[in-house]
Each structure stands twice: as C-alpha cells, then as structure tokens.
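Engineer: Here are the chains, one letter per residue:
Protein chains: 2
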Amino acid sequence: MLAAEDASLGAKPEAMGQMAPKEPNYTYIARTVRQWILHGEYSAGDKLPSEEAMCKEFAVSRMTVRQALAELVNAGLIYRVKGIGAFVSTGQLERDLNSITGFHEEFQNLGLNPESRVLVSERRLPTRYEQLRLGLTKYQLVRFVRRIRYLTDVPMGVQSLTVPIHVVPSIENIDLETTSFYRHLRDVGVPLERADQNISAVVDAEVAALIDIPTDIPYLRVERTSFVRGNLAAELLVSSFRADKYSYHVSLTGEDR
Amino acid sequence: MLAAEDASLGAKPEAMGQMAPKEPNYTYIARTVRQWILHGEYSAGDKLPSEEAMCKEFAVSRMTVRQALAELVNAGLIYRVKGIGAFVSTGQLERDLNSITGFHEEFQNLGLNPESRVLVSERRLPTRYEQLRLGLTKYQLVRFVRRIRYLTDVPMGVQSLTVPIHVVPSIENIDLETTSFYRHLRDVGVPLERADQNISAVVDAEVAALIDIPTDIPYLRVERTSFVRGNLAAELLVSSFRADKYSYHVSLTGEDR
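Chains as they are written, first to last, in this note's numbering: chain A, 5 to 261; chain B, 5 to 261.
In short, the hints are calculated from the structure, not lab data.
It is possible that part of the hints are untrue.
Since the list gives no way to pick one copy over another, a pair counts as held whenever it fits inside one copy or between any two copies.
To be verified - Lysine-lysine pairs mimicking DSS-like chemistry, simulated, CA-CA at most 30 Å apart: (1) K142 <-> K51; (2) K26 <-> K142; (3) K86 <-> K142; (4) K86 <-> K51; (5) K60 <-> K86; (6) K86 <-> K26; (7) K60 <-> K26; (8) K142 <-> K60.
My request is simple: use the sequences and hints to build the entire structure.
Structural biologist: This is how it looks when you write it as structure tokens:
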C-alpha cells in the first residue's frame, strides 16, 4: 500500500501538466483518487492519505483537498470519520441509472478516460429475442456491436448493442470504438426519450474470459431497451459490468408513484 | 416437467376456491403461473402449456387465458411466439425500483403470499456505518431487524433494516414478522418521501447458508436509505435477494435529466 501510494502521489503532478492543463486542482485530485480505487491501489475500508499528506504531494491548499474529498463523499466513493480520516467505501464506481446516459459520456465527465474495443460488429437478421424486444419482423436488419469497455485501462465489462438499421441508418457509418452512440443519436436529431431497464446479477464465465478476470466475480447485467420519438425502439443494450468495481444508483421521490 | 404440470394444473382449482373466492379468473391464472416459475416447475426457456390445455385445466375461456398471459408478458415473465406458444423469459420475478414500495406490499398485490421470519430484532447503538448513512450520533439508539423473506414458501433473500428509534418510536411496538414497515409508516403519518438506492451484486456465503441455497448463486444487493419529511433518515435497508429468482426494473423518461 505504501509503495503504491508513494508512486501514485509522486507520479501524478507531471501527468496533470500533460493531460489537462486547465483542469481545476480539486477535480484533478478527485479523479486521481478514483483511479487509485479503480486500479485497486486502495480497496474497500482502506484509509486514504491524510489531508496534510495530500496537500504536500499535490502542492495545493487544505481547502482544495477538502473540496476534492467532498466530491468523492457525494459520489459515495469514500466516507470521512471525524478526527480519523477518509476511507474507501465499497471500492465500486457508482453509475447513475436515473438518466439515460452512455458509459462514455458518464465516465468522460469524471475524467476516467473511457475506452472501447470492438469485438464484433456485424449487420445481420435479428434473433427471435431481438425481434421481441425491438418490435421487429424477422427480416428487418440490425447492426450488432459487442465491445469491451475500459476505464483508465481497466476492463470493466462487456456491452452488446443491437440497433435496427431502419431506425438509425447512420449507425452503419460510425465507428463505435471512438464515437458515443448516444451523442450520435442527439447529433442526428433522434435523442432517446424513454428506456426500460432490467437489472440482474450473473456469474458469467464467458465475460470473465473476455476481460481476463477471475470467473467467480459476479456481474451486474443491465438490459436496456431505449425508445426514440414515436415509441420506436432504437436499441437493445445488454451490459455486463464486473460487480467488484461497479454499482448502480437509483434515487426516488414520492411513495407509490 | 409433465408430472409437475399435471399436479399443479390439477391441484389449483380447489385452492382457488379456498383462498380467494372473488379473485378474477385471469389474475388467479397469472398468479398460478408465477408460482410455477418461482418454484422452478418452469424455468427460463421452458414452453408453458398450450392455451387449449390451460382453458381445459382451469375451466375458463380462451379470452381469460389470453388476458392472464398478457399480464405475464407485460411483467416480463414470459414471451409469446406466434404460432408456437408462450415461453418463460428469465425465470426471475421483476421488482419495480421506480417506487418506494416494500417487499410485502409489492408481492401481496401479485398474490405471491410474502412471508417473513425474524432472525434478529435488537435495540442497540448504531454502527459507525449506520451513523454515517442515517446521520446519527453514536448514542442515538436504533432498532435492527434481520429477516428472511419468502414468497409462497420459497426463500428469496435476507433483509437487514435499521431504524432510528427517535425518528419512528412506534417501531418498538410492531411485529415485523406480520406487519409491513412501509404501511406502518403511512399509518402513523410519516410516509417515506425520498430514497437513495445503491445496487450491486455479490456472492455471499453467509446469506446462502441462511436460506439454504447453493453458495455460487449471486445476490442482488440493494442498499436503500429512505427519508421522511424534513429530510430525516427513517431507515437503512440492506436487501440481498437471490439473482436466480429476482431482478429489478427501472424505467426512465428523458435524456440527461
């Protein structure tokens, strides 16, 4: 732990200079702590370096460190114990299920460098299940894209996307290794308006093998069907994300809506 | 499969007479199919009996059977393939995470006979984690109740409930084996107004041992903190439900809230 801590604390200021010269110091610190947790340098229950140590290593004021820690407390990543210090909560990044955002957009906003590797990209006839979920006849072609998703080089899981080509014809012209599908939908004027999501948990040896992690780690499996104007299904997205690094957040108001 | 099918189809009409004389036939049929799936008599991918067979066995019209099947399709439990029949989707009951309902209320509405067994019920000081989540000082007493939850005698999981006694003093007088906590809150005039939920997946040998199922089945773990008027935390509820029988549903409208 100490060696990792020293290395990280020591290495980051230069990286900051290279990558994001105008980023505020506190978001840079928050992002660095997220990366420590993501890479397992700090795990659930571990105590973070003291405020003093962080001030010194990042060469910032106490107020800046506190601002960064407050952001991480709000995100549920850490908690503070008065007079003792800050601790890692669960070691999981929390993804917001209340808004229809994509993996890329959500984690880019957090500075976690989301990346994708396309395993499969094919134009084909829909499976029976895809027909049912997307309301397709068996001859309506779909584009199917399977991607591994990474955050700062850590493989987080696998997503399988099925898009009816007649609903989003431009899907055939974009590279989903570098382009956000949801941003693309907004760019072409067909933003998502509604989504249904089913959340389950699985142990999936196939996914584990794809991203090279132990097979006994469970996955959160989210199946999302999203609709554009006119109640037309534009995607079936099946996400399997490793539950040791990932969790979901849903907030609600009002009882018995 | 056939033996179980015969037994269920044969046995139910009498049970219907005993239990719910005024229940419409189609909800009775839907409930019976839910029980088949819950008890594993029909698993993911299995074909249900034909409409003809169900008409005959339940002694109802084709329209009534179709109404029951439509309800199950809407709940995501089954899907129909034209000209072939109805199939079990995932074998999981889907719980709605969009409303702050309790286990008891939600499944009672579906006629699945929710029951509880209290494992622990104690008045004690809050743990450090409970203090953080519920905004308590270390001397504010809580009631802690741990329950196994059943549906039609099938153990579904374990729930641990922590309630600050000064927020809901009447928690000391109710029996959570027979009373719904959420209904009680409404009865005493402090309904829940807001909840934050974190959803993760775990493999939990302790829970598996408690409800006596294989240790390699993952659990959906939902941690819910609920608030009453004045932003006062009234409960910390940690639910661990077996993912082979259980999933969650979240629907959304509008992108980028």
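Engineer: Looking back at the numbered hints, which does the structure fail to meet, lowest number first?
Structural biologist: 2, 6 and 8
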